[in-house]
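Keeping their order, the protein sequence lines are chains A, B and C. Each residue of the first sequence is one higher than the last, beginning at 1 in the working numbering. Each residue of the second sequence is one higher than the last, beginning at 1001 in the working numbering. Each residue of the third sequence is one higher than the last, beginning at 2001 in the working numbering.
Among the clues, some could well be false.
Each computed EDC-like pair below joins lysine to aspartate or glutamate, with the alpha-carbon atoms no more than 20 Å apart [stated by the list, open to error]: (1) K86/A <-> E233/A; (2) K1102/B <-> D271/A; (3) K1127/B <-> E1106/B; (4) K186/A <-> E1106/B; (5) K273/A <-> E2226/C; (6) K1102/B <-> D58/A.
These are calculated hints, taken from the structure and not from any lab test.
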Amino acid sequence: MLLDIAGHVLSFSFYEGLVFGFVAIGVYLTFRVLGFPDLTVDGSFALGAAVSAVLIVDGVNPFLATLAALGAGLCAGLVTSLLNTKLRIPALLAGILVMVGLYSINLRIMGGANVSLLRQPTIFLQVSEFLGLGTRIAYQLTVAGVLAVVVFFILNWFLRTEIGLALRATGDNEQMVRGAGVDTDKTIILGVSISNGLVAFSGAIVAQGQGFADVGMGIGMIIMGLAAVIIGEALFRPKGVARLLLAVIGGAFVYRLVISIALRLGMAPGDLKLITAVIVIIALAIPFLQKKIQRQWLPPASRW
Amino acid sequence: MNENKSLLNLRGITKVFSKGTVDQVTALNGVNLDVNSGDYIAIIGSNGAGKTTLLNVIAGVFPPDSGEIILNGRNITGLSEYRCARYVGRVYQDPHVGTAAKMTIEENLAMALLRGQPRGLRAASNKQRRELFRAALAPLGLGLENRLSTLVGTLSGGQRQVVSLIMATISKPALLLLDEHIANLDPRTAQVVLDLTDMIVKKEKITTLMVTHNMELALKYGNRLIMMHEGRIVVDLGKEEKAHLTINDLVAAFEQAAGRKFVEDKILLRR
Amino acid sequence: MIGSQFSPGGAPVRRICRQPKHLKEGGEKVKKILFVLLAAALASSVLLIGCTQPAKEPGVYKIGIVQFGTHPALDSCLAGFLARMTELAGSADITYIQRNAEFDFSLAATIAQSFVAEDVDLIFSIATPTTQACAEAVKGTNIPVVFAAVTDPVAAGFAESWEKPGGQVTGASDWADVEAQVQLGMDIYQAHRLGVIYNAGEVNSVVQIDVLKAAKGRLGITEIVEATASSTADVYAAAQSLVGRVDAIWVPSDNTVAGAIASVVKVCEENDIPLYSSDVGMARQGAISGAGLDYFVNGQTAAELAIRILLEGEDPGDIPIATTPMTIIYLCPAAAERMGVTIPPEVLARATEVCEK
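Only chain A is shown next, with the shape it has when bound in the complex (with noise of 0.2 Å):
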């Protein structure tokens, strides 16, 4: 029993980890790839559950629909790439532009605020009825991982061809990269849209998977995110690119897993965001205090 309930909680957790993880891998591409404070994200996020519900309501395949979803993500990343690098508006300001607008955009696109998916056909029920799976949390597990997979094959590939090389360098030293006959704008705009693509398309399955698309379901999404890089850095130390895809991944899935644990130890309803930053704390704390009690260097810490 009570290993069921934790098979339950781990795959659940597996699950969103995987989900998530595209929104990690966005904020990781924009936010240390290419140096590029992205706040888009709540939007496109969003924008993407919205797109894709919408067609899917209206019959579109649910394949073709999470596609397009990703179409309009790289279209949210485009505007905010070129607000910065065409008008010269700040980073940071311009993803905020953007991702306010995409909530009355998303609005106007849903036709209200929120669009129900529960009898609708998902990529999960596709899937299902093809492979005759069960039709529990493992198939969703087993879709979005196939998913993860094939994502995590694309950007591994990509970031080390030419053009990819170039984008990683430009998040590094934009001038010598400039010096290297690249158009640093190109690169911004590029991975910038990539990034969003991938929220979105995140914001697609997530909204299959749950039942329904919701105009507020991005909000906090850059904080989980940035919470994820961050943790998948801490805990796992991962060195080259192929790594650190993974670690962002699994920064995810320690995040939702300290929330699914929160929920599930029975806390006062109100305090689980408190518990689940402190669990947060500790699962940060526990390899600098493993370096401290065997007395190694410890660097300074950084700011973000």
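Knowing the structure of chain A, use the given hints to seat chains B and C on it.
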């Protein structure tokens, strides 16, 4: 023999900073310069003479207020920095500026290799390119060819500057701009880098402009010496002319051209 | 080197303390003109704001309607209100300004402020959070507020008592018999551990949970397991957290959960957990049972109160808070089947409404 074909022509280049305010300064004042293919020019001058601004204008970091820059017959005035990069390889005084610390030596060189070429979805680094990088790094005798996967951020300043130099030249640019590139290095490393510079410039026959504070260096290396003062070129010596000069001769030449006493301690004490 | 320097030839190339005179004067002049224009614009807009209110005509009324969010119960309320208003308005000319806060608490406050600024004759507010915002916004004015779909106006703080609200706010409460709703569920399948999902930030929900806790003994429940969600996005995870810990789930009349009810239905169907609802609007989205009032009637009742205030000049503080009787019992055998239980025939006989699929 095409040795003396004109590679770079600067006509009437003027650049004024902070125009209309108290801090207005004319960094370049109607500079005219003809650089021939194969030239190795040492540029010397006091602080504020305009040496770095000259390099910046050639590299496209900012456009001149007036004047023209012609490279290989093409007018490149006003081209943005990343477009000019096709023709220009640059090494800065600060070893951190020219390299990306969080990427490996291999990745940095891969970035530099494609300077001026369109980038696509091929793998940035493959076996052939790695061989190329090793071949470029091996002659230095620093062992860097075996450390392609080392993060550049972990290298010493001198090693980073060496990598910067290889990066600047590996794409075989038309022009190499060196902006006091050994100023921040200790004497031993500086000598290594200088010898390396000499070797590369001679071997690849890259037209080079080297800005330096060191008069002795300026006299020893290169086939031409230019001295700048307050945005103008005041002294321009060819190979034969500078071959027999001493530092005192140089100072005298400056004073004659500039019309005032030469009182730059930094340059004088660096002999 | 700083200091006046001279190029060969003698002309100074740098001026230290003097700027080209014409440039300086021109720039200063432009700045001055802009400043004056800006000040003038600010001053005139301040004056204009005070002057835009037109004189009031008798027999012409403006009603501001604010709805907390789009979900069936609240939509029903609005429909009932408008229908009854049209029936009772007679010769009065009434315009309605309809705004929806889409579950955003701060937007609700902004909408309330906007109605005050537009000097409406009455505000009709649907749901507790919006009414709280309106009650705050109309302080210092004499705009009355009529609410609908508010569970406990006294607990929410905008009425002193049910008999005499004593203020500017009155309305039709949707106070439902929580015990009866849950009992209906227990009659279908008795749960000893009952899970509840709600937003702890909604006063109306907390009130219902308190009533439930007080009655749990009578309902045959040994343990109530709570899961909270502070926004619609958290509801799915909250529902998942109850899996394995409860025998059934009951959802109170909670605006946040109502917006995300689809995810609760999904979890319950996937894990064979019976889902019982409080109000019928939510129940129709996939729960096994729901018992409640007809929100359409609730809206109609609110309209009757509004007419008394507008056309008969009654003071809202003196009008007792109206309640709407629970007339609908909704049952869904299909949903029961999806969740692994069967509705006993004698219970099914009590239904006034049965689901189609």
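>> Could you work out which of the previously given hints the structure breaks and list their numbers from low to high?
In response: Violated hints (numbers, rising): 1, 2, 4, 6; every other hint is consistent with the structure.
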